[in-house]
Structure formats: structure tokens, C-alpha cells
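Engineer: Top to bottom, those sequences are chains A and B.
Under full-length UniProt numbering, the first residue of the first sequence carries the number 1, and numbering increases by one thereafter.
Under full-length UniProt numbering, the first residue of the second sequence carries the number 1, and numbering increases by one thereafter.
What the hints contain is simulated information worked out from the structure, not anything from laboratory work.
In this text, a Cβ means the ideal position worked out from N, Cα and C, and glycines have one as well.
One should not assume that every hint holds.
Listed below are several chain B residues computed to face chain A (Cβ distance under 7 Å; list not exhaustive) [claimed, not checked]:
#1 Val41
#2 Glu42
#3 Ala60
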Amino acid sequence: MELKRVVVTGLGALTPIGNNIQEYWEGLSTGKSGCAPITYFDTEKFKTKFACELKNFDALEFFDRKEARKLDKFAQYALVASDEAINDAGIDLDKVDKFRVGVIWGAGIGGLETFQNEVLNFGAGDGTPRFNPFFIPKMIADIAPGNISIKHGFMGPNYTTVSACASSANAMIDALNYIRLGHCDIIVTGGSEAAVTPAGMGGFNAMHALSTRNEDADTASRPFDATRDGFVLGEGSGALILEEYEHAKARGAKIYAEVVGGGMSSDAYHMTAPHPEGIGVERVMLNCLNDAGLKPEDVDHINTHGTSTPLGDVAELKAISKVFGEHAAHININSTKSMTGHLLGAAGAIESIAAILAMQHSLVPPTINHTTVDENIDPSFNLTLNKAQKKEVNVAMSNTFGFGGHNACVLFKKLDA
Amino acid sequence: MSDIASRVKAIIVDKLGVDENEVVTEASFTNDLGADSLDTVELIMEFEKEFDIQIPDDQAENIATVGQAVSYIEDAKK
């Protein structure tokens, strides 16, 4: 059976450095930091007092008060970004076969704030279980794609993938494969996360996963820098419209890129620590290249997982060395988490979008906040430090890895390249 | 309007996001005010909290309009 080709025909983004695709790209290309002191709650007793929150996002610009109240932030973000992507793709909702349009979304956690507040409320009471009837339906990770389908009437496959920080990459790979196999014409995919809450910050702090550089919050996310001390929590959403190539061509759709392959693997090593030799990470890139039918030398740009943690960044670069050999030095490598922070389950989506935009603009966004060379990193890597670099990008790779040892990788290619 | 009626009205306006003028005695939560099954459960819970009463499920089923809610609560608070 011949696999169908799959292309990207729409993009949407709601990120700490821009509330739509245009603003996101401006932020990415100019090296904007999205990190600042937390405004959502009192951080006095928290080890980390900063994060990459959304800026100037008012849910009531997008939802009426009643709707907004029934949606956890992660679902609000999902609806906002997917709306932008659906509009961008120019899909005429009256002309598509809605049974062949799916929504496959990624969320690492889901409605954490809703969960936290309902349980706090219960704990403060006398033990009577007076839970709000919207508690469960607001909180569950699959409610984001559920709400997207309800809004637009999409009646194809609909679910959420959960693989921590690899979630939305897994969602994109599932979307790619359903379309390849001919099961769907269009799939709205991507991811969203909203974990900047006391439970989220406290939980990640307890793992020693977060940067605690409170005095230099805006430069705390510094992937590959010798002084990196953990990731910076971000929030938001990214959405992509994946469409079968002939279907897109027939309706004259704008095509950003072809999705040529997806790779998956597992570290099978530790709940949260990356494998020190990056075996699973090496394998996921090889799987992805193999799935795409591409050679390592074809890859021009890698948007790394690069979370700014001491172990993870080095393990990933080691794996890149093994997979790409001498060609590694010719690849523009970056970590856009230096600007956006780590959006957990939404990371794969917003970083794939960053890679696609880099391809479109022939400009690779920088890894910002780099001041000190890490002796453990091979100096031949081009980590696109501090300033965007002009580069003709025909093939771009996006890596994401999640707690639990989940690795996922996606490859995009210029349609005519 | 009684104190109970105005407090009931305020809860309905808040939870269902409707205009105050729509919240008339005979208005049905589901047919007139756009509530779904979860909204009505939430309304009953809010009434319980606001007025410090218990509304058993079998009786909650009979509270379908603004007027029915007000009379039930007035009786319960006697």
C-alpha cells in the first residue's frame, strides 16, 4: 500500500513570546526572552519565583464568561491556537468531510490548576465531597481536543497523547500516520499546557528540575551554557493543520512544509534522568530519518529538546554527534526554549512551528542567553548562539523527550526541495 | 423581591452568564437559560452553599425553574 503524503497547511501559536504566529516569529527571530517573575500567585515561599507566562492574554477576548469558566487554561489555550491554525489553513468548514477531519492533541498534564483548586477546596472543608461537576471534565487531558471538535464539528479520530514533554510530538506523529494511511484528510494537531501554578512549580522544584536563578530571571533559560541550572517552566499552545497532500492541492491551500517522518523510542532507564549516553535519543533520530527515507546529511537544522538542564543538553548533543557524524558541524542547532521556556506537552508543537518558520524565512532563530562555553560540549557544533543566522533550510528536525524516557522526533521538508 | 429570590438570581446570573432580565420566576434553567446537565448540578450545589442547606438528589430533580428554586429554599429556611 502506498502511503499518502502529508503537508502542513495551517499554524497557530499562543506562547510566552507572542500570542499568534506573527508575534511568535518576531519574538523568535529577534531573540526575545519570555521569562519574568511569576504574576499568577505569591511565590514568596517558592524556590523558583519566575516562569515564562503568557503576556497580555485575556480569555474573555476569546470566550464569554460562562464558556471561560468551564475551560481550564490548557483547554482555552488549545482553542485559541487551533482557531488560528484552522483560519490560517483557510479550511471551508462547509466543504470538508467532517468525518475525515480529526483532532489529535498533546498535553503532558492537562488541567492542573483545576485539579489543584478543587482538591484544595475539598481539603479546606469538613470532608464532605462537594466537588464541582465541571472538575473532571475541565481537568482531563483529552478535553482539549474534545472541545476543539465540539466547536467545529470535526468527527474523525479525537484524543490526546500523553508522554510528558514529548506529548505533542507524539500527537503530530499519530496525525501524520493516520493521514498517511488514508484514514483522514485533515488532522488538527499540536499541544497545550498550563502548569504555572503552585502545584506545578512546587512539584517541579521538588524534583530539582527548575532553574532557581531568581536574580537573573530573564536569562535563566540558557541551554548549552556552562552555567545552566535547570529548565524554566513555560505555558501556552501550538497548533498545526496536517493535511493529505492531494486534498490540500485540490483546494489550493498554502503549504508550509511536508511532514516526512516521525520517530519514537524509549530510554528504558530512569523515571526522570536522561540516559547518560543518549542511547534512546540517538535511536529516535535514526528512526525518524529512516521513516522519512532521508540521510543524516540531508538535515540542515535541528530544533533540539535543549531544556537547559545540566545532564540533558549534553546527552542530546552526544547523540547528535553519533547520528550525524561530521555533518553535525554543518547543522544549525538551536534551542528555542531559551526564549519560550519549556512548554512541557506543548513543546513539540511550538518548536516544530519554529522549525517550519525557520524554513520559510531561511533564518534560524537563536539560542539566547549564552555567555559561558561548556567544556563538555564539542566546539564544532553550531548552536546558533545569541543571534539568528541566515540559512537555507530544506530539512528541519524537531526533538522532544519526556519524563518517563519518551523520545519523539519529527522531520519537516520543504515541499519542492 | 425577597432576599432569597435576589440571592438566587445573582447565583444564576453568575453561573449561567445570562442577563439579569432573563432570570424571571417561570424561566427554566435548561429551556430558557441555556443550562446543560452539569450546569444544573452546579447551580444546586451553589444554592446549598449560599443558603447552608442540603438538597437531596431526588428533590433537586424537581427544581427546574427559578421560581421552583426560590420556593424550595424559602421552605427549607423556614
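Engineer: Now tell me, hint by hint, if it's right for this structure.
Structural biologist: Hint check results:
With a least beta-carbon distance of about 4 Å to chain A, the hint placing Val41 of chain B at the interface is held under the 7 Å criterion. Because the beta carbon of Glu42 of chain B sits about 5 Å from the nearest beta carbon in chain A, less than 7 Å, this interface hint is met. Hint status for Ala60 of chain B: violated, given a least beta-carbon distance of 12 Å to chain A, over 7 Å.
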